[in-house]
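Participant: Chain by chain, the residues run as shown.
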Amino acid sequence: MINSVRNTVLAVANKQNFGYITPFDFNLYAKQAQLDIFEDYFYRYSQWITKQNVRQSGSGYSDHVKNIEQAIDIFSTINTPDDTNGPVFPLPNDYYLLNVVRYGNREVERVSNSKLLHLTSSNLTAPTTTFPAYAMNGSDITVYPSTITTGVTIQYIRKPLDPKWTYVALGAGDSEPVFDQSATDYQDFELPPEDEPLLVAKILQYAGISIREKDLYVSGQNEEGKETQKQG
Amino acid sequence: MAYLTGYEYYENNGNLPEDANWGSYQYTSLTDIVNNFMLMYVGNDKLVNNAERYNVLFHAKRGIQELNYDAMKETKIVELTVCDNLRVVLPPDFVNWNRISLFKDGTLFPLTENVQTNFAKSYLQDNDCRVLFDQDGDVLIGTSLLDGSRIDGLHKTQYLGDGPFHGSLGYSIDGQWIFDFSIGARYGSNSETANMNPTFKIDKASGVINFSSHMTDEIVVIEYISDGMEGGDDSKVSVNKLFEDYIYAYIKYAILNSKFGVQEYIVNRAKKDKSSLLRNAKIRLSNIHPGRLLMNMRGQNKWIK
Chain A
277 MINSVRNTVL
287 AVANKQNFGY
297 ITPFDFNLYA
307 KQAQLDIFED
317 YFYRYSQWIT
327 KQNVRQSGSG
337 YSDHVKNIEQ
347 AIDIFSTINT
357 PDDTNGPVFP
367 LPNDYYLLNV
377 VRYGNREVER
387 VSNSKLLHLT
397 SSNLTAPTTT
407 FPAYAMNGSD
417 ITVYPSTITT
427 GVTIQYIRKP
437 LDPKWTYVAL
447 GAGDSEPVFD
457 QSATDYQDFE
467 LPPEDEPLLV
477 AKILQYAGIS
487 IREKDLYVSG
497 QNEEGKETQK
507 QG
Chain B
-17 MAYLTGYEYY
-7 ENNGNLPEDA
3 NWGSYQYTSL
13 TDIVNNFMLM
23 YVGNDKLVNN
33 AERYNVLFHA
43 KRGIQELNYD
53 AMKETKIVEL
63 TVCDNLRVVL
73 PPDFVNWNRI
83 SLFKDGTLFP
93 LTENVQTNFA
103 KSYLQDNDCR
113 VLFDQDGDVL
123 IGTSLLDGSR
133 IDGLHKTQYL
143 GDGPFHGSLG
153 YSIDGQWIFD
163 FSIGARYGSN
173 SETANMNPTF
183 KIDKASGVIN
193 FSSHMTDEIV
203 VIEYISDGME
213 GGDDSKVSVN
223 KLFEDYIYAY
233 IKYAILNSKF
243 GVQEYIVNRA
253 KKDKSSLLRN
263 AKIRLSNIHP
273 GRLLMNMRGQ
283 NKWIK
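Protein chains in written order, with the working numbering: chain A, 277 to 508; chain B, -17 to 287.
Calculated from the structure, these hints are not laboratory results.
Residues from chain A that face chain B, not an exhaustive set, calculated with beta carbons under 7 Å:
#: 1; residue: Ile325
#: 2; residue: Asn329
#: 3; residue: Glu385
#: 4; residue: Leu395
#: 5; residue: Leu400
#: 6; residue: Thr401
#: 7; residue: Thr404
#: 8; residue: Thr406
#: 9; residue: Phe407
Glycine included, every Cβ here is placed at the ideal spot set by N, Cα and C.
Assemble the whole structure, with the sequences as input and the hints as a guide.
Facilitator: Here it is as structure tokens:
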């Protein structure tokens, strides 16, 4: 998808004589655009749940909540954290949102640090191996009861990988680099194909700001506005 | 919990204890209740949303405790020998008693609770009846005469055997009854305490049952209720399936009732739901069916002398 996005961006930018975007710049804009859209999934998810509750979302193909869940689940990862310091387990570096922590086939419940003391002090709610709990501290989680030192797995939403349009540099006389998908550091966008127009619009905006071309920025912004309106 | 195979149910897959799964199908585990509730009753399109699992767990346990106190009829029974101190420590999961009996000669004799006190804490006093204290300012405790007289059999109890002293207060020492010289008229026995069997009184603060002097070296059978929390082992906490729907309704009501902004009619609906399900479950559990009623009704033509 990345080559197609780049071609479109270049076509729009060049057509209007707004100048050439280098692969390095394109990769920077692409990363930023992908992160923007990725973060927007969570806001849209929340908005669509509210709409669903007032019957503004249907089922099947019109189930927007399900569609957004599918897009987010592309980034879902299951990981077994290092248990050297159990019951304190480090989180992976690429985690964006921690979804579920499991101990065997049991879910470990997240508890805010402000409630933790009350929770562990009460006979009825104190975490047990049947109903374990965890609290987050920095980039670690601490699992309760402290007898749980191994067997913890986490399911989380990772950050998207940085997209990279890779190319083969031709001779000095050639002006256009050629797309090379076989490069080891090649990385396509990870977003679903339906977000391609949005990616193009966002990259155009960044390019417009970069080359101080207001028309390009506004054009990108308008395209994004239309896409966002369509998606709700 | 997954369904069990026949081998798993009857013989615990060859593991010990063999009887681990006997009768388990009557019950739904706490784990299942919490999981099912989180799955079916908590969600963005449900009445209950944004409820933490520990909220659900707390209310589920409270609901099970309440059921154990009256509706569930899950009585625990323990058998103990009463020693010379005429005292038995309450079972570790004791909440309240149903029946306390003397087991003697193959028969259970239900004991009555002594309406009068048979134990006391004795404060030490000086000659001027002033209470004595130790260096920390705590009251000095001595041996209670009331306790002593009960243990020594010097506490008067009512004689209900045959003969002219029937209904009189006397001392029972080593199986022999001794009476004071009778003064004044007697107008029948005190029916409130008229029972030949030994008596008991529970000292809740001390966590013991104090018995009258006749209970020395006897076997006592205590039927009591607990709160169903199985000593804090959540994996063993369960509830009879007849109460499963009630527990869901109880949790739902408890959460909605304590949540801000829930309309009163929704809270009331949940309350009615809970109450009617409890009633249904109690009726089901009482096992009223024609065969049983028939047995009860057979006594209707019996002459009462």
